[in-house]
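Protein sequence lines correspond, in order, to chains L and C.
Counting from 1 along the first sequence, just add 5 to a position and that's the residue number in our numbering.
Counting from 1 along the second sequence, just add 21 to a position and that's the residue number in our numbering.
Quick caveat, the hints were computed from the structure, so don't treat them as lab data.
From a predicted model like this one, the values you see are computed outputs, not experimental measurements.
Just to be clear, a hint being listed does not mean it is correct.
As the list claims (entries may be wrong) - Label pairs and their computed distance ranges (CB to CB):
| no. | chain 1 | residue 1 | chain 2 | residue 2 | range |
| --- | --- | --- | --- | --- | --- |
| 1 | L | T82 | C | G74 | 34 to 40 Å |
| 2 | C | S120 | L | G21 | 26 to 32 Å |
| 3 | L | G21 | C | K87 | 46 to 52 Å |
| 4 | L | E20 | C | T101 | 42 to 48 Å |
| 5 | C | C34 | L | G21 | 26 to 32 Å |
| 6 | C | E43 | L | E6 | 30 to 36 Å |
| 7 | L | V18 | C | K62 | 17 to 23 Å |
| 8 | C | S120 | L | K73 | 30 to 36 Å |
| 9 | C | A23 | L | E44 | 30 to 36 Å |
As the list claims (entries may be wrong) - Derived DSS-like pairs: lysine-lysine, alpha-carbon spacing no greater than 25 Å straight-line:
| no. | chain 1 | residue 1 | chain 2 | residue 2 |
| --- | --- | --- | --- | --- |
| 10 | C | K87 | C | K123 |
| 11 | L | K104 | C | K35 |
| 12 | C | K62 | L | K45 |
| 13 | L | K61 | C | K76 |
| 14 | L | K73 | L | K46 |
| 15 | L | K104 | L | K45 |
| 16 | C | K76 | C | K87 |
| 17 | C | K62 | L | K8 |
| 18 | L | K104 | C | K87 |
Where a beta carbon is used, it is the ideal one built from N, C-alpha and C, also for glycine.
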Amino acid sequence: EDKVVQSPLSLVVHEGDTVTLNCSYEVTNFRSLLWYKQEKKAPTFLFMLTSSGIEKKSGRLSSILDKKELFSILNITATQTGDSAVYLCAVEAQQGAQKLVFGQGTRLTINP
Amino acid sequence: GAVVSQHPSWVICKSGTSVKIECRSLDFQATTMFWYRQFPKQSLMLMATSNEGSKATYEQGVEKDKFLINHASLTLSTLTVTSAHPEDSSFYICSARGSGEKQYFGPGTRLTVT
Chain L
6 EDKVVQSPLS LVVHEGDTVT LNCSYEVTNF RSLLWYKQEK KAPTFLFMLT
56 SSGIEKKSGR LSSILDKKEL FSILNITATQ TGDSAVYLCA VEAQQGAQKL
106 VFGQGTRLTI NP
Chain C
22 GAVVSQHPSW VICKSGTSVK IECRSLDFQA TTMFWYRQFP KQSLMLMATS
72 NEGSKATYEQ GVEKDKFLIN HASLTLSTLT VTSAHPEDSS FYICSARGSG
122 EKQYFGPGTR LTVT
């Protein structure tokens, strides 16, 4: 059975801190790994990773994938209160309609 | 571009009634649409995958006769929760994929069954 596990489940830090969120996976026929940010409504797309070792960066956020060890990390530097959200990791399997399997999410709270 | 809408955003219905949720891709043609359910403080769980013009593929444990999915056109999919019960209360989110690889998520529909 395909599985995605995120850690930690919850994280509280102060504004300005740097955080690292983890995502490990076991999936048949891996195609890609995606990171989403979810505030009150639907998830918003952050990154799609398909190749090992290539960092993707967007402002203060960056992510990298290790296909040998089957994990990814999402880094957020100089955190701001607006970064408070649930961060979801999902893995896309290359079978049929290429469905997404989501992890439980990491609830990140940034205190001022 | 790549906007997905859902309607309604929130619905309250009585136990035993049916409710229909619409998912529309506004500026692209969605060959595949996905329906997810999210309970409070839990992650998204895929319920079913639908391709335009064909029957939906349901995930294990999801009752196809209870959650009716219709993907009648390339821009519209509907999810009907039949004979709703309080345990069906949840946040239902659709996503749509066009010719590219990304899935674009709708804003979600909060269903409360009383």
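Enumerate the violated hints, using their earlier numbering and listing them in ascending order.
1, 2, 5, 9, 10, 11, 13, 14
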